[in-house]
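K.L.:
Protein chains in written order, with my numbering: chain A, 1 to 363; chain B, 1 to 283; chain C, 1 to 420.
Derived from the structure by calculation, the hints contain no laboratory data. For glycine and all other residues, C-beta sits at the position ideal for the given N, C-alpha and C. Worth double-checking, as some hints may not be accurate.
List of simulated lysine-lysine pairs, PhoX-like, C-alpha gap at most 25 angstroms [as the list claims (entries may be wrong)]: (1) A/174 <-> A/216; (2) C/198 <-> A/174; (3) C/131 <-> C/152; (4) C/198 <-> A/215; (5) A/107 <-> A/310; (6) A/204 <-> C/149; (7) C/179 <-> A/175.
What follows is a list of derived Cβ distance ranges for each label pair [as the list claims (entries may be wrong)]: (8) C/205 <-> B/55: 44 to 50 angstroms; (9) B/55 <-> C/286: 32 to 38 angstroms; (10) A/318 <-> B/265: 54 to 60 angstroms; (11) C/337 <-> B/271: 24 to 30 angstroms; (12) C/383 <-> B/55: 43 to 49 angstroms; (13) C/262 <-> A/149: 34 to 40 angstroms.
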Amino acid sequence: MNKIAKISTFAVAGLAIAGLTSTAQAVDLNVVSWGGAYTASQMNAYHKPYSEKTGVKINSIDYSGGLAEMRAQTEAGNVTWDLIDVVLSDAITGCDEGMFRPIDIDKEMAAAPDGTPASKDFLEGTLLSECFIPQIIYSTAFAYRSDAWGGKKPTKMADVFDLKNFPGKRALQKKPINNLEWALIADGVPLNEVYDVLDTDEGKDRAFAKLATIKKDVIWWTEGAVPPQLLADGEAVFGTGYNGRWFSAIAEEKQPFAMLWDGQVLDIDGWAVPADGKHVDEVMKYLRFATDTQRLADQAKYISYGPARKSSGPMVSKHATLGIDMAPHMPTAYADQGFLTGFSWWADNGDEMNERFAAWLLQ
Amino acid sequence: MALPAYAGPIETTWYYTFRFLCACIFLFLITPILVIIPLSFNVEPYFTFTSGMLAFDPDAYSLRWYEDFISNTQWTHSVKNSFIIAIFSTILATTLGTLAALGLSKPHMPYRGLMMGILISPMIVPLIISAAGMYFFYSNIGLDQTFLGIILAHTALGTPFVVITVTATLVGFDQSLTRASANLGANPTTTFFKVMMPLILPGVISGALFAFITSFDEVVVVLFLAGFEQRTIPRQMWSGIREQISPTILAVATILVIISIALLATLEVLRRRSERLRGMSPG
Amino acid sequence: MADDLTQGGPVLAADGTPLKASLNKAMRKNRIRALLLVAPLFIFILFSFLVPIIDMTFRSVDNWQVGTLMPETTKALAKWDGKDLPDEPVFVALIADLQAGAESREIGKVGTRLNYEKSGMRSLITGSARKAAKLKEGPYKPLVLKMNKRWKELETWTVIKRNTSPYTAGYYLNAVDMKYAKNGDIVRQPENRRIYGKLFMRTFAISLAITIVCVILAYPISYLLATLPLRYSNLLMIFVLLPFWTSLLVRTTAWIAMLQSQGVLNDLFVFFGLVDDANRLQLIHNLTGTIIAMTHILLPFMVLPLYSVMKTIPPSYMRAALSMGANPVVAFVRVYMPQTLSGIGAGSILVFILSIGYYITPALVGGTGGTLISNQIAYHMQSSLNWGLAGALGALLLASVLALYMLYNKIVGIDNMRLG
């Protein structure tokens with residue numbers, strides 16, 4: 001059995017080494033974000049300057065959203081992530097379930113350059129969870145192929161539901177969120193009443209019925225990179241997507257697309273600190289740096305998401321490489337044409353609506 | 001089943017129709033795999049043949065997707081990970097599986113059927129269920145997002161193949177050989193390595209190849225257990241297909257097809273060797 | 001010795017012990033040696049594989065949240081009869097639990113759990129916990145009822161009381177499209193929320209379709225492979241074995257390249273004028289794509305067992321039937337096919353088992369029309385975080401696979417499973 005003994009010792013030793021290397025770099029911060037152009041903008045605006053200043057290495061880790069991994073790590077008592085970029089609704093859920101650490105915003109976050117405390121400097125209505133430091137305002141909005149219907153161009157979101165005048169496939173996200181709201185708005189519900197109507201059984205039926213009118217012309221997407229590609233390939237004429245993705249398709253890749261800001265759904269994205277993280281002190285220092293006025297304004301040089309601080313707004317300038325003025329590409333510039341997502345309504349009704357939506361897709 | 005000389009027109013028609021049908025099915029099996037090979041040399045970022053490619057214009061072909069693959073650290077990293085994980089889990093699976101197969105083939109093995117059923121179960125249980133169970137359990141004991149966790153998971157998935165192939169070789173194994181060896185004074189270790197090992201080696205190696213390819217190709221467990229650091233080639237392909245389908249994936253796919261051809265050839269050589277050794281068939 | 005035998009005494013071994021005992025001892029030793037060889041793998045599989053799966057099944061009935069995080073309310077509600085709103089003591093307990101839960105920041109777990117059974121429970125619990133932290137003095141009942149109108153609904157209390165039990169059938173009910181009605185009875189979900197039953201049925205239907213297509217495609221080529229001379233059939237076997245050994249992701253990618261609307265097949269159709277360029281066929285991200293790709297992936301699993309059975313059938317049977325004047329078709333159906341039934345059975349069960357658990361291919365090429373139950377399990381694992389429901393769906397799927405596995409074992413025998 002000598003050889004086998006040798007082989008197994010070798011294997012065990014190898015495993016130990018493999019296991020060790022994954023945890024060896026202990027002093028670095030593991031920062032989790034969405035990947036792609038978005039993470040790149042964070043690297044340029046936050047990670048690189050911070051590493052140069054302090055020597056702390058930032059490991060950027062990609063994830064595809066959601067709290068599954070965070071919850072698994074918390075349950076296991078083995079939290080390897082130090083900071084995570086989350087949408088507001090996930091921050092609220094995670095905060096309620098004790099996964100994230102509450103933050104005393106005025107004490108732990110930097111004030112504006114003019115001395116305004118942080119709690120007054122972040123845009124009104126963005127500080128919705130004590131575990132959440134807002135970073136950007138983004139929107140989910142429609143874009144269309146500007147060459148799809150000759151000279152005719154859609155002017156309002158309701159045109160998406162108009163198959164007669166604007167035929168072709170629509171690329172929608174395979175989730176009820178936003179789609180139900182859009183269906184109601186297209187059906188004539190005013191922006192500010194959407195969630196009141198959706199809260200009734202008739203309202204839900206109405207939303208699904210309206211959505212059903214275009215169901216056969218919908219291509220459902222699940223990854224944010226897909227809708228711009230579907231439009232570029234000519235597989236769809238309308239698509240919903242994150243405005244930053246549309247911006248890079250339109251401004252950087254010069255695709256023949258145009259934005260339809262009408263009906264855009266604004267949402268807030270920001271940071272949350274895992275409560276049981278291993279480097280809470282270090283990460284709070286980083287977070288203070290990464291969410292100050294200058295850093296938030298810097299990020300807007302690389303991606304068209306609106307900074308969450310009032311004091312950063314006027315500092316938004318031109319794109320770092322393209323040299324175009326970024327202000328008109330910010331969703332916040334068209335805030336009056338859209339609405340803020342109803343995260344509290346979705347927190348309560350998400351489970352039920354997701355099931356109903358899945359059942360509806362099966363029909 | 002050559003066509004007999006006396007075949008009438010009906011037989012002849014049927015004979016050729018049947019052959020044509022079979023050819024179509026074989027085409028269905030092989031075409032998708034062969035089609036991606038030329039497509040991976042496409043100079044354009046498309047998944048289909050351009051007119052230049054059909055005209056065999058050399059400018060329509062390029063190695064750019066292979067260059068992209070080699071220069072992209074995410075891909076090269078995933079290649080390294082895939083090999084680390086597959087090699088360690090193959091060693092573990094082969095060792096554990098061969099020992100178990102030796103035990104299972106002993107005539108006095110109690111609860112043989114039940115044991116076999118349990119040891120084969122990782123192959124039968126749908127991967128999504130194995131992955132779900134491992135995800136919960138491994139993260140509870142801190143093994144998620146580690147190489148060790150994935151290696152252990154892949155070992156579990158790979159052992160059934162080793163058990164099956166080695167047991168199959170042992171079916172034809174003449175137990176009197178070990179008795180003869182013992183009678184002649186060899187100790188069990190010597191007997192194992194000098195007498196048994198050469199005979200069951202083809203089975204062990206093909207089991208190891210199965211275990212290797214199981215780990216190398218596995219993505220569901222990796223999807224759940226792996227963090228960004230442990231991404232493997234199939235995991236990278238998975239997100240590539242879901243997010244941005246670029247011909248780089250075709251380049252990777254072509255390389256993987258070549259690897260499988262090599263594996264297939266190795267197995268064939270082993271099979272022939274094993275048959276020759278046991279005198280079961282000529283050459 | 002001769003005396004011993006005639007007297008019927010025990011036969012002795014060389015060392016003087018009775019032969020029977022000596023044999024038994026040797027047998028026991030052999031048995032232990034065999035067990036020792038199997039033990040490492042058995043223990044490994046037990047802990048790395050079986051325990052995790054049992055752990056997952058346990059999650060599908062585990063209901064710790066309310067009992068652990070709201071211990072006072074659990075105690076107080078034990079005596080509640082469920083006919084009217086509870087009395088003050090229950091509200092005192094509720095406030096104590098909510099305050100403690102807000103302090104420990106874990107009350108959201110109760111909200112998440114209860115929201116699976118009734119929409120709105122999440123904000124009711126977390127919102128009330130936030131408000132409860134500010135409450136100082138009782139009586140609490142009127143204060144709580146003022147906090148949120150839902151506290152006045154009897155159903156709210158029924159839901160909480162039902163979930164004070166440490167185990168629940170709720171996830172399994174959900175997994176078979178049932179639910180608790182307002183009064184606690186078990187009823188079917190409303191039509192527009194029935195999904196898992198349909199998905200299970202669809203998964204079985206698609207798997208069955210794939211199995212049938214596999215039989216139809218595998219039969220002729222296995223027959224050809226089994227009847228051709230070895231040097232040809234070995235060559236043709238590569239067509240079966242190469243796909244078998246090629247990465248699943250590679251084959252799925254290949255089918256995307258083949259089937260997408262700007263892909264190889266559609267280009268061919270357009271080139272030959274079968275399809276108009278503007279109306280390319282939708283072959284992928286739907287049921288068609290799933291069935292084509294999965295058939296391709298699973299076909300070798302049908303060909304290999306069929307081939308090995310056909311290989312054992314002597315061609316003389318068919319020749320005999322033909323020479324005795326049977327019509328070739330009749331001879332084939334009555335003489336040849338019955339002998340291949342075991343191969344068809346083995347291959348079919350194998351293909352069926354593999355396809356009902358498939359995840360990767362349907363997720364990549366299935367779109368909305370071609371997704372299977374495993375995709376829903378993954379969704380609840382990764383997106384909705386309803387791990388209890390994922391566990392319940394997984395356990396149901398596992399049960400059906402195990403049933404088929406036993407059937408397979410009966411027909412083929414696990415021992416006879418051959419690879420490659």
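K.L.:
For every hint, state whether the structure bears it out.
P.N.:
Comparing the hints with the structure gives:
no., hint, in the structure
1, A/174 <-> A/216, "holds (14 angstroms)"
2, C/198 <-> A/174, "holds (19 angstroms)"
3, C/131 <-> C/152, "holds (17 angstroms)"
4, C/198 <-> A/215, "holds (19 angstroms)"
5, A/107 <-> A/310, "holds (18 angstroms)"
6, A/204 <-> C/149, "holds (21 angstroms)"
7, C/179 <-> A/175, "holds (23 angstroms)"
8, C/205 <-> B/55: 44 to 50 angstroms, "holds (45 angstroms)"
9, B/55 <-> C/286: 32 to 38 angstroms, "holds (33 angstroms)"
10, A/318 <-> B/265: 54 to 60 angstroms, "holds (59 angstroms)"
11, C/337 <-> B/271: 24 to 30 angstroms, "holds (29 angstroms)"
12, C/383 <-> B/55: 43 to 49 angstroms, "holds (47 angstroms)"
13, C/262 <-> A/149: 34 to 40 angstroms, "violated (21 angstroms)"
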